[in-house]
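One letter stands for each residue in the lines below.
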Amino acid sequence: MRDAFIAVLGKPEGIILFQLIEATQFTIYLSLIAFIGGGLIGALITLMRITKSKALRRIAVSYIWLFQSTPLLMMLFLTGLGVPRLLDIDVNPWTAAVVSLVIYSSAYLSDVWRGAVESIPKGQWEGAEALGLRFIPTLRLVIIPQALRIALAPTVGFMVQIIKGTSLAYIIGFHDLMAIGKRWANAPVDGSEPFIIFPIMALIYFALCYPLTLWSRHLEKRLGTIKEEVAPAPVAA
Amino acid sequence: MELRFFEIYRNPDYLWLLAEGVGKSAGLTLAGAVLGFILAVGLALARYENIPVLKWVAAAWVDFIRNTPLIVQLFFVAFGLPMLLGYVWPFWAHAVLALTINFSAYFAEILRAGFQTVDKGQKEAAMALGVGKMTRFVKIVLPQSIAQMFASLNSQFIFLFLTTGVISEIGVRDLTFAGLYIDSRTFRSFEVAITLTVLYILISLAFKGLMQVVETRAFRWKDAK
Numbered sequence: 001m002r003d004a005f006i007a008v009l010g011k012p013e014g015i016i017l018f019q020l021i022e023a024t025q026f027t028i029y030l031s032l033i034a035f036i037g038g039g040l041i042g043a044l045i046t047l048m049r050i051t052k053s054k055a056l057r058r059i060a061v062s063y064i065w066l067f068q069s070t071p072l073l074m075m076l077f078l079t080g081l082g083v084p085r086l087l088d089i090d091v092n093p094w095t096a097a098v099v100s101l102v103i104y105s106s107a108y109l110s111d112v113w114r115g116a117v118e119s120i121p122k123g124q125w126e127g128a129e130a131l132g133l134r135f136i137p138t139l140r141l142v143i144i145p146q147a148l149r150i151a152l153a154p155t156v157g158f159m160v161q162i163i164k165g166t167s168l169a170y171i172i173g174f175h176d177l178m179a180i181g182k183r184w185a186n187a188p189v190d191g192s193e194p195f196i197i198f199p200i201m202a203l204i205y206f207a208l209c210y211p212l213t214l215w216s217r218h219l220e221k222r223l224g225t226i227k228e229e230v231a232p233a234p235v236a237a
Numbered sequence: 001m002e003l004r005f006f007e008i009y010r011n012p013d014y015l016w017l018l019a020e021g022v023g024k025s026a027g028l029t030l031a032g033a034v035l036g037f038i039l040a041v042g043l044a045l046a047r048y049e050n051i052p053v054l055k056w057v058a059a060a061w062v063d064f065i066r067n068t069p070l071i072v073q074l075f076f077v078a079f080g081l082p083m084l085l086g087y088v089w090p091f092w093a094h095a096v097l098a099l100t101i102n103f104s105a106y107f108a109e110i111l112r113a114g115f116q117t118v119d120k121g122q123k124e125a126a127m128a129l130g131v132g133k134m135t136r137f138v139k140i141v142l143p144q145s146i147a148q149m150f151a152s153l154n155s156q157f158i159f160l161f162l163t164t165g166v167i168s169e170i171g172v173r174d175l176t177f178a179g180l181y182i183d184s185r186t187f188r189s190f191e192v193a194i195t196l197t198v199l200y201i202l203i204s205l206a207f208k209g210l211m212q213v214v215e216t217r218a219f220r221w222k223d224a225k
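Sequence order for the protein chains is X and G. Numbering-wise (the working numbering), the first sequence opens with residue 1 and increments by one. Numbering-wise (the working numbering), the second sequence opens with residue 1 and increments by one.
Hints were generated in silico from the structure; no laboratory data involved. Just so we're clear, the structure is a prediction, and the values are computed from it rather than from any experiment. Warning: the hint list may mix true and false statements.
Sample of chain G residues lacking proximity to chain X, with all beta carbon distances greater than 12 angstroms (derived) [said to hold, decoys possible]:
id: 1; residue: Phe6
id: 2; residue: Trp16
id: 3; residue: Glu20
id: 4; residue: Leu39
id: 5; residue: Ile51
id: 6; residue: Leu54
id: 7; residue: Trp56
id: 8; residue: Val57
id: 9; residue: Arg66
id: 10; residue: Phe76
id: 11; residue: Ala78
id: 12; residue: Thr135
id: 13; residue: Phe137
id: 14; residue: Phe219
Simulated coverage check for chain G against chain X, where a stretch passes if three residues somewhere in it have a Cβ under 8 angstroms from a Cβ of chain X [what the hints assert, rightly or not]:
id: 15; segment: 160 to 172
id: 16; segment: 181 to 191
id: 17; segment: 195 to 201
id: 18; segment: 207 to 218
Here a beta-carbon is modelled for each residue, glycine too, at the ideal position from N, C-alpha and C.
The following block holds chain X by itself, in its conformation from the complex (with noise of 0.2 angstroms):
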């Protein structure tokens, strides 16, 4: 792989092209890990939020008020550096990245669904309990099957906002595409100019991100879960 870049592109251009590529594997597996571990920690506040215990409910809405209220750079800088120092243990920048950005998403998700959650009518649960079901089967047989309808397209849209947040990694030593993009916009290397390594990780990470954008906005249209008079909501950055 890495002699058919520099066949076609020359000697630093084919390798250094080739190396940003090949970091971006680690942006897209953060970026995974970071949706699922996020997805299971947000529906498990998603869920703490709409029971019927007020203790649980409180903890959810601080957990989700907190979260999006930290900012990822610090949440980073606290696992990445501030726990290690603090207990005098090693982590190593995979673990913090992954522990930064599951809790970043799982508060971002979690507010996704439980709006989808409550925009569900009152009607559906009082019917089901009419029914005889109880909360867990109201959930599985009722509730959800339309909530995803509309959560869909904004959680498919939330993803970009984690692609985005994995760039900020390489803050606390984490080896990705942004990582290997700065070391090379710092060497003086014809072809490596700031003005040419960085447009080119813009294009890759939007090369990443624009196709989830196109998915979210396509099952937005499919699934008329937009209103066309409604504010979008406000996203992550």
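Place chain G on chain X using the hints.
Quick look at chain G alone, frame taken from chain X:
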């Protein structure tokens, strides 16, 4: 394991650095947001008025910015552009430019939706009264859209504010920069991170309060029917 917050708080230099950081973070974000908002009005207008070519440029701009990380945009603006065009700016100016570009795309998307909420009949009424295109937009469409979208713009602004810590990466002495500096001197990373997080949350709350004041003052006409 031992929490030693006092190592940060007893040193006046660190406190001063943090105060400076709070000012820089809040000030530069506000500057970027105001300029970004002005740019966003232009971007949204190009699409609303269906101006040929410009509307595609605006759409591409918004999509490209929204689908790339702020930090890559920032590095390009701070290191790429000056090298390419041969200008020298202070760090904070690069930061403001990058934030302006970044914010504009997010605000434009909200404003565009806002323009759609203004009833067509108002446009027709204004035309019937002979109100010019420019006045129609500035006095009729824009204020109502902003009032309608104020809550969205507001929370978008807060979310964007929380990402501005990256400007420390180009040497701007913002809040994150202050934290990293104090950390490099004291090695109290945990305490520093907690302190910064609390400060970021406090600034967000202050911004929210400020926007509430703006909302009650600026949109009085909304209730006067």
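Structure versus earlier hints - violations, ascending order:
9, 10, 11, 18
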